[in-house]
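Visitor: Residue strings, one per chain:
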Amino acid sequence: MLSALLVMTGIALAIGAALGYAAVRFRVEGDPLVEKIDAILPQTQCGQCGYPGCKPYAQAIAGGEAEINQCPPGGEEGIRKLADLLGREVKPLSEEHGVEKPKAVAVIDEQTCIGCTLCIQACPVDAIVGAAKQMHTVVEKLCTGCELCVAPCPVDCISMVTQAETVQTWKWRYPVVPLRVEGKRAA
Amino acid sequence: MTRQEFRELAHNGLWKQNPGLAQLLGLCPLLAISTNMVNAVSLGLATILVMALSNLAVACLRNFIPYEIRIPVFILIIAALVTVVDLAFNAYFHSLYLVLGIFIPLIVTNCIVLARVEAYAAKNPALTSTVDAIMMGTGLLGVLAVLGGLRELAASGTLLAGIEMVLPGASGLQVFGDDYPGFLLAALPPGAFFTLGCLIAAYNAINQRRAARRLQAPAPSADGQQAGASAPLTS
Amino acid sequence: MRALRKLFSFNGGVKPAPHKAASIAEPIAIAPLPERLMVPLWQSTGAAALPLVQAGDRVLKGQRIGAADGGLSVAVHAPSSGTVLEIGPQPMAHPSGLLAPAIVLATDGEERWTELEPVNVGGTPPDALRDILRDAGIVGLGGAVFPSHQKLRPGAHGTRTLIINGAECEPFITCDDMLMRERAAGVLRGAMLMKHILQAREILIGIEDNKPEALAAMRAAAGSEAEVVAVPTRYPAGGAKQLIRVLTGIEVPHGRRSTDYGVQCFNVGTAFAIHQALDHGQPLISRLVTVAGNVARPRNYEVLIGTAMREVVALAGPRPDTNRYIMGGPMMGLPMPGFDVPVVKATNAILAGSPTLFPPAPPEQPCIRCGDCARACPADLQPLELYWFSRARNFGKAQEYHLFDCIECGCCAYVCPAHIPLVDYYRYAKSEVWAREREKEAADAARQRFEFRNFRQEREDSEKAAKLAARNAAAAAAARAAADSPAPSATAAEPAEPAAEGQKKALIAAALARAQAQQAAAPPRNTDDLSAETQAEIAAIEARRQEPATTANIAGGDATGTSATPTAMPAAADKKKALIAAALARAQAQQAAAPPRNTDKLSAETQAEIAAIEARRQQAARLPPEPAPEPPREPPLEPPK
Amino acid sequence: MNAELPGKGPNAARTALRTAAIMLLFTLVFTAVMAYTYHATRPAIEASREQEQMRLVDEVLPPGSYDNALLEDYVVVGSRPPPGVDKGARIWRARRAGEPVALVIEALAPDGYAGRIALLVALGADGRVSGVRVTAHRETPGLGDYIDPRKDRDKHSPWIAQFAGRSDEPASWLPTKDGGTLAYRSGATISARAVGQAVGRAAGWARAQGRQLYDAPAGSRLP
Amino acid sequence: MMHSPFLRPAPGVRGVMLTVLLALLPGIAVYAWQFGAGILVNLLLASCTAVAAEAAMLRLRGRAVGLAVGDLSALVTAWLVALSLPPLVPWWLTVLAVLIAIVAAKHLYGGLGQNPFNPAMAAYCAMIVAYPALMSQWPAPGQLDFGAQLDLILGGPRNIDAISSATVLDALRTGLRTPGATVDALRQTSPFGAVGGSGWEWVGAAYLLGGFLLLARRVITWHMPLAFLLTLALVSGVAWLIHPAQFAPPWFHLASGGTLLAAFFIITDPVSGATTPRGKLIFGAGIALVAWLIRSFGAYPEGIAFAVLLMNICVPLIDMKTQPPVFGHRGGESP
Amino acid sequence: MSHYLFIVIGAVLVNNVVFVRILGLCPFMGVSKKLETAVGMGLATTFVLTLGAGSSYLIDHYLLQPNDLAYLRTLSFIVVIAAIVQLTELVIQKSSPLLHQVLGIYLPLITTNCAVLGIPLLNVGMGHDLLESLLFGFGSSAGFTLALILFAGLRERLEGADVPGPFKGTAIAMITAAFMSLAFMGFAGLDHFH
Ligand SMILES: Cc1cc2nc3c(=O)[nH]c(=O)nc-3n(C[C@H](O)[C@H](O)[C@H](O)COP(=O)(O)O)c2cc1C
Ligand SMILES: Cc1cc2nc3c(=O)[nH]c(=O)nc-3n(C[C@H](O)[C@H](O)[C@H](O)COP(=O)(O)O)c2cc1C
Ligand SMILES: Cc1cc2nc3c(=O)[nH]c(=O)nc-3n(C[C@H](O)[C@H](O)[C@H](O)COP(=O)(O)O)c2cc1C
Ligand SMILES: Cc1cc2nc3c(=O)[nH]c(=O)nc-3n(C[C@H](O)[C@H](O)[C@H](O)CO)c2cc1C
Ligand code: SF4
Ligand code: SF4
Ligand code: SF4
Ligand code: SF4
Ligand code: FES
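Protein chains in written order, with the numbering used here: chain Y, 1 to 187; chain P, 1 to 235; chain H, 1 to 641; chain V, 1 to 223; chain D, 1 to 335; chain C, 1 to 194.
The shape of chain Y in the complex, shown without the other chains (with noise of 0.2 Å):
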């Protein structure tokens, strides 16, 4: 009996000396998967992930607090690539935090615009010109899509068209396998 404790006292007393050290003399500074992850999310800063924005879902993430599955814009690719950067599991975009849609922009209907400002301090990128009592206009290519101006605005003029498709970004379809029989899943 004593002589288990004199063992095992030895051998306690190193390594918590060591390991107690060792915490405080080696601590790990930053992090730079934060940035690995912030790189991967889409930046529409929409907040449908439940943080104030990219960068905060980010730290979320990368401090175990947040699933990887919470950000629409980025959908099923972007959880994929945090999936392979994490080495965790791929999910379903979670449902309560929205559902993926097509690209979109904001359009103000100028007929509309009664020149509040509101939209321009919502937009997150500074995609929306004007100034007070003028009509607004949102610059396209700025545009996330994120939405956040569309609330805001108290005359509802603002909608969010989704992009059509040029010849010039028209993307060659995934060919069709046709490989399954139409309603012959298995029962």
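Hints are supplied without guarantee of correctness; some may be wrong.
[Said to hold, decoys possible] For lysine-lysine, the following DSS-like pairs were computed, each having C-alpha atoms within a straight-line distance of at most 25 Å:
id, chain 1, residue 1, chain 2, residue 2
1, H, Lys430, D, Lys321
2, Y, Lys81, C, Lys168
3, H, Lys464, Y, Lys133
4, Y, Lys141, H, Lys430
5, V, Lys177, V, Lys155
[Stated by the list, open to error] Negatives, chain Y to chain V, calculated, CB over 12 Å:
id, residue
6, Ala4
7, Ser94
8, Arg173
Worth flagging that the hints you see were computed from the coordinates, not collected in a lab.
Even for Gly, the Cβ is constructed at its ideal location relative to N, Cα and C.
Once you have looked at the hints, place chains P, H, V, D and C with the ligands on chain Y.
Guide: Chains P, H, V, D and C with the ligands only, in chain Y's frame:
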């Protein structure tokens, strides 16, 4: 603890976060010891015991454990409890002890034990922590039992052979006839991997079908539940 | 005869049946002038041309009707004289089936040329020559429609060898063959001009050895000026990299330009077009097109750009079961979405297809990894791996396996026993990768702008810290006053309350009425103290407002057109261009004055816009926080924080 | 194990001391728990172990045939083991009223199909084999593992039982196929041959030793 | 919509598989001639099971059944399973093996083209591990008439010593465990023919013929068979030269067991094998090396099946590391 | 000499930790989705396990056995291994930031790899001496690394396969592991030929 909490813990441990099927933790004993049902269930019980004790101990002591040495302390606690269980098996179920071999000491590194201690017991009160451990352990035990049963049945056509090691006087079942040629592979490592793979697939299939049904059921109202309840009968 | 040149060879390749004899039986014919010509604005790899005419304008043959926009763009010209009917979305010779902006001409049958100015090549500096070629609309006629003026820049170490590509390796196509037979002198003259511009030392003309007449004609024309080399017939010997390899032994890796290796390669048609552009001042308004396949009289025609394909094929007598057109050869050609798409500069052949001639592809079977594709691939790729990863949408891996080295020659799909449309998978993967790159760029830009905005807000906050107290007081007073007014201070963001709802409606009605009134009564507005920039912006927006029917709303319901959007109508585009130019100038001036900011990486245009916004901000900061000169106009909202 | 804890001041030494002290406390408490359990269960464990060994011995030697404390009455084989016997093996002596009854030898067959086969051979004082048991082997399951009676499909007359009572010349303990007298199962001759030869060698050696093995003092080591 | 290339002369997967089946016919004929028609029963049994299993799996997975069954790949697998099992195994063993091949090794991975392991060899390995006794009962040529064979296949009583004469590899492996035995002495005994096992030499020659057909029809390339046979000859030759009493000579290794069947029909399985030229050489050589090791030192007499599976495991890495240089990246003649 | 060779061959191939001894499966399943991470995890485990095997032997041989403290094995081994993990991390962090970047995130995971405790316990059970313990530890972890890398290669390829729905993900990975362990059974016997 409320009923609701209890059900939540039970559902998590038994199904949603099942260690063997969903979290894929504690795989080594799961695969190595499930050659027959008796071994599997025995190790499962031992694991439940260790998990419950260690969760209880950690939940009680959690306020005294400094953050920086929490993991060494957790390991210390688990290892001590495992040793206690190991000694107890050695003393009172000696033949079983011989069969389970190093897998009793290995409960220490069984990731699920440390995972539950770290993720649950370190943050929750004693009672719920213990329940959580028991539920998680039971989830693992369930998988162990199914896996052990399937493998034993395929390999030798028996069930619960060797039960006399635990319950003297009881005897196993010869399920298939005497001339069953036996599928030895099931008792070997490939059979373990394969059977667990199929169990996981079955688990996925059930979950997928449930999810599909939930999608089909239009509203989460009373009739939605009804549709969900009647579906198993009709399908 | 010279001593035989040592030829090299490339791996892989296939030998499909040539099917060329039928269309070389008769000489090149000139296709008759159609009544209507559709000239797409987008006919080169870069951006679409900017239209220079408006609906109703009269144009002459060869008149420039679209100007190059950016380095990889070239001009487009009226193929014949007539009237501009409309400028707008039209069917396009593109597999997507999407409409693209085009200039539609009604021909007047007079074929009246605009004034043509031959160029004194010797006395013109190369840069000017390149500009002339750009404005003559010269692009590569070998299929890639890459602007030739860009390729005519000598590499870092000069260009040693100019290769003229007369290989024409695709089955069915014979337009280069016929061109070389009938217009060898012009081709050679074009080659000499390019040699001059590139300061190249030698010209090699590579022709597949199954075209003896073309070889003979070119040899006769070349004399000692150029070396005409017969190369073994094997598809894709005409691929630029493969031909360079065969003739010189040089392998040009992906991502490198052949000029870096002292070689440059042009199609024979391109050479001829350059000869016409420089020697006769004649822009690229027509090209040779092989019409073959399911037609009674396969033949080569000289066709005006913009002629509907249906009319061209009609000349060759299509058989009744013709169900589709293919632009290009059977290996690399693209299926056309309809019969009425126009001939474009990329149209080297139109193959009429029928269910028997080009039967629908057999169903795709699983890849059995037999490796036949890898053996056939002239780029030495592992097509099966590319396929595996493209199919799984694992584009990162596909790129690791050199997806972008694939030249889309189709050899792999040709030999694949599983009948997998391999090239389609690669095209799919490539366009997804490009789309992702665009998204990534957009995300990076958005991040920068977001960070910049946060930074600016902080700065403004601290600058205004002193004024804040006073302002708060004022705002509070205003709010109190507003609270007493008939419209209480409920915010519009609470739609649940019926009162708020009604109020919102009222507000909208009021705002609408105001806006309309504003429009009706010409602008006695409070814009007098705005800066020139802001005014320009507003003018642009006003202009847009005046034209409700313009831009994309008709095209496809998409959003407004910035200058890059091809759907912009000419007038709007012109106005916008002017505005943008102004903004640019302003921005540059501002940039010169202001300290460098973290927006430098943005495009000039975007920077201009940011500059405008900045200006506006400063403006707004100068304005009193609650200016309220017309109290009823400003709804009682929370003061900006 | 991460070192990512909140820094609690720069005094590393003090923190280290404090954590060490707590660690120590935990260690002491839990070591004490273990030590206590160990001492509490020790008798039961010893008993179980002996029981297990006796269970094996009982399988090769009828329990009533001797009256000494068999497990304490053994000699150890030296570093140069005799043929058929394991290095460092024990040989237990069963006696009735002090008279030799049987030897229980830890034997070894080095040439099984998949390596060594460990055996327990009981050799009566009359030179007859009393029983043989396989204690460890790696023979192919389903083919060569019939040498272990628990795996033998024929539960009524297990293969290994055929050694009991034999006193004939060990040289003939070969599979019938090799001209010996041993039966074998499903063509798996190697396992049978290996076991037979090992038993024969061990028994032959022990017989040749005569009473020497019984007379050596308990716990002594043979040269 | 239909895309380029618009010409597709390739024969289709069915054509490829049909060639393989045809190329197997000479081997099967000689097999039946030497060892009796029992093998034909097994082939039939395996084929029916394979087609049924393939169709059932496709249906379960909601795929078009006709096209995929029509590609004949299941038949190739079934024939190769039947040809690698001993010809007298009971019927249920053949059925079980084919089910493992088609269901577990092929369709759980998504069917044709996706399986990382050679289905036939996976089934063979599973069977030899599960039923080593049944799997080592090989008859001598001309030993049993068709009726007796049929009876055994249908599950009749098995008197092992009457029906089985261990294969030469087995005999060699076990024989060498007897102290003092030498290869030469052993080869005087019955199962050994002039070079390989008696009777098997002829079957091997017929497989060789089929292999040349596959080579001529470009269904397979020379890399794998050559690397495999050369390496096997090389390692066994070196060992034999060093210690002729303990190691069998190279021609014995080449002519016995499944060597020739494996060389042309099994290791060449395109789906589970390496695909790059260098990769194929490594793959073939690796199989030979591992197979020789297992034959000479391992617990199982015939190591080719395990060697194939083991090299299957390495295929992704081999393929990754042996990518041929892409056009322009050779670094050869650029200036 | 060949005795030591057999220990290594036996530990790497014949009694591969993962496929035959069935140890270390959680990281085997968890960290094998990408080749790079598999290599990192393998290297980290090899380092720690080899050291752990050696130091466990020393503790057992010089501290526990002389004092009849066999029951403290589990506890002392795991504590020492945890300490080794931690110290390795510190040493690497200080001496080679690059290596730390590669291995850093795997080190903490190693403590819950049951091979890390299982191999030292097996060492004791098999009565290995110091050199044998080290070789056995090294061989086993090399076997773990080999299994992990090969498995990761296969899994990367499997990502593209059209696996039936319920089998996607871990189920098919398990089945792949089953075939791999079947293949490794072919090595049976290679560690004790005559
Ligand atoms: C080994 C094991 C197998 C199980 N199999 C099933 C099953 O086949 N079907 C099922 O509905 N639940 C199964 N369960 C899950 C529990 O019964 C689960 O708690 C219960 O289904 C409640 O889930 P629900 O609230 O989502 O309906 C299983 C649990 C374990 C541990
Ligand atoms: C597979 C393939 C085949 C080609 N075949 C020819 C050809 O036969 N003749 C030709 O002029 N260009 C052919 N090209 C286009 C050339 O690669 C290259 O773009 C062209 O010769 C450059 O000349 P250009 O810029 O004048 O068009 C082919 C391209 C590819 C990818
Ligand atoms: C995979 C496999 C495992 C075998 N395992 C054993 C075994 O454990 N014991 C045994 O005696 N024979 C075993 N054998 C059988 C022997 O190889 C051999 O066939 C048998 O002993 C016949 O020996 P003979 O040559 O003396 O007739 C096995 C055979 C195979 C194919
Ligand atoms: C040359 C060649 C060899 C083949 N060899 C095998 C084989 O060894 N085992 C097998 O199951 N299938 C074989 N197949 C058939 C097919 O490739 C196999 O069923 C796939 O692995 C199933 O996906 C072969 C096919 C070809 C063309
Ligand atoms: S949901 Fe996505 S895009 Fe929106 S803020 Fe969160 S991370 Fe950014
Ligand atoms: S304009 Fe609206 S939708 Fe677009 S980025 Fe700004 S706030 Fe988001
Ligand atoms: S040719 Fe077709 S089937 Fe063969 S490997 Fe290539 S893609 Fe696969
Ligand atoms: S299409 Fe691409 S992958 Fe296919 S053969 Fe041509 S270059 Fe190779
Ligand atoms: S249980 Fe063995 S590693 Fe997790």
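Visitor: So, for every hint listed, does it hold in this structure?
Guide: Each hint, compared with the structure:
1. H/Lys430 <-> D/Lys321: 24 Å, holds
2. Y/Lys81 <-> C/Lys168: 18 Å, holds
3. H/Lys464 <-> Y/Lys133: 22 Å, holds
4. Y/Lys141 <-> H/Lys430: 23 Å, holds
5. V/Lys177 <-> V/Lys155: 23 Å, holds
6. Ala4: 5 Å, violated
7. Ser94: 27 Å, holds
8. Arg173: It holds; Y/Arg173 is separated from chain V by about 47 Å at its closest Cβ, greater than 12 Å.
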